[in-house]
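So you can see what is in the structure, the chains are spelled out below.
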Amino acid sequence: EAQVTQNPRYLITVTGKKLTVTCSQNMNHEYMSWYRQDPGLGLRQIYYSMNVEVTDKGDVPEGYKVSRKEKRNFPLILESPSPNQTSLYFCASSLSSSGSNEQFFGPGTRLTVL
Amino acid sequence: GQNIDQPTEMTATEGAIVQINCTYQTSGFNGLFWYQQHAGEAPTFLSYNVLDGLEEKGRFSSFLSRSKGYSYLLLKELQMKDSASYLCAVIGTDSWGKLQFGAGTQVVVTP
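Sequences listed follow chains A and B, in order. Going by the working numbering, the letters in the first sequence line up with residues 3 to 116, in that order. Going by the working numbering, the letters in the second sequence line up with residues 29 to 139, in that order.
Calculated from the structure, these hints are not laboratory results. One thing to keep in mind: the hints can contain errors.
Coverage of chain B stretches by chain A, computed from C-beta distances (three or more under 8 Å per stretch; other residues unrestricted) [to be verified]:
hint	region
1	65–75
2	123–134
In silico DSS-like links for lysine-lysine, alpha-carbon gap of 27 Å or less [to be verified]:
hint	chain 1	residue 1	chain 2	residue 2
3	A	Lys19	A	Lys67
4	A	Lys71	B	Lys126
5	B	Lys126	A	Lys67
All C-beta atoms, glycine included, are put in the ideal place defined by N, C-alpha and C.
In isolation and in its complexed conformation, chain A is listed as follows (with noise of 0.2 Å):
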């Protein structure tokens, strides 16, 4: 089955722990993105990734990290968590950045920061 996934789904952790949250997708895409969604304000793009080794920060990359060493990965990696990084956090794929190419989302991951 196509799908992106994500892990944990869930993650209550406390300031200053370093956490990672891993994506991966099984549908050969070359562009990645990672989004976080919070009350009133939508999704936010935080990073993305065009391709193996290419990626750009979003609107909101303070205090995140992602690397895209193979193509199938984007993992997203907060060094020092703080509580406003508590948010609902998406990962996203699609066939190329080109306009058309429709976004396919993971389930989702919702971390609390305490």
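Position chain B relative to chain A; hints supplied.
The following block gives chain B in isolation, referenced to the frame of chain A:
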């Protein structure tokens, strides 16, 4: 940057029609998406517009006017399962990879 506006909430009756408007102010434009998101779930793709005009897909249609920075999503013959948040998203000309979303419109369908 870009500013994308859509109403916060709309209520409509089962079987009726609802039109969700989206206005955007961008430094460039390379396309507009509409996504549907049910509570607690991931967004799913509904439509993509890059040229002016109406795109029809079953009960859902999407319209774009680039000169006015305006789009709408039209939902016809509303069903209870259409209760969801509808997200408007724009690709500017900064980068093909950057997609900016509006805050979403919550549509509530009542019996």
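Can you name, in rising order, the numbers of the hints this structure does not satisfy?
none
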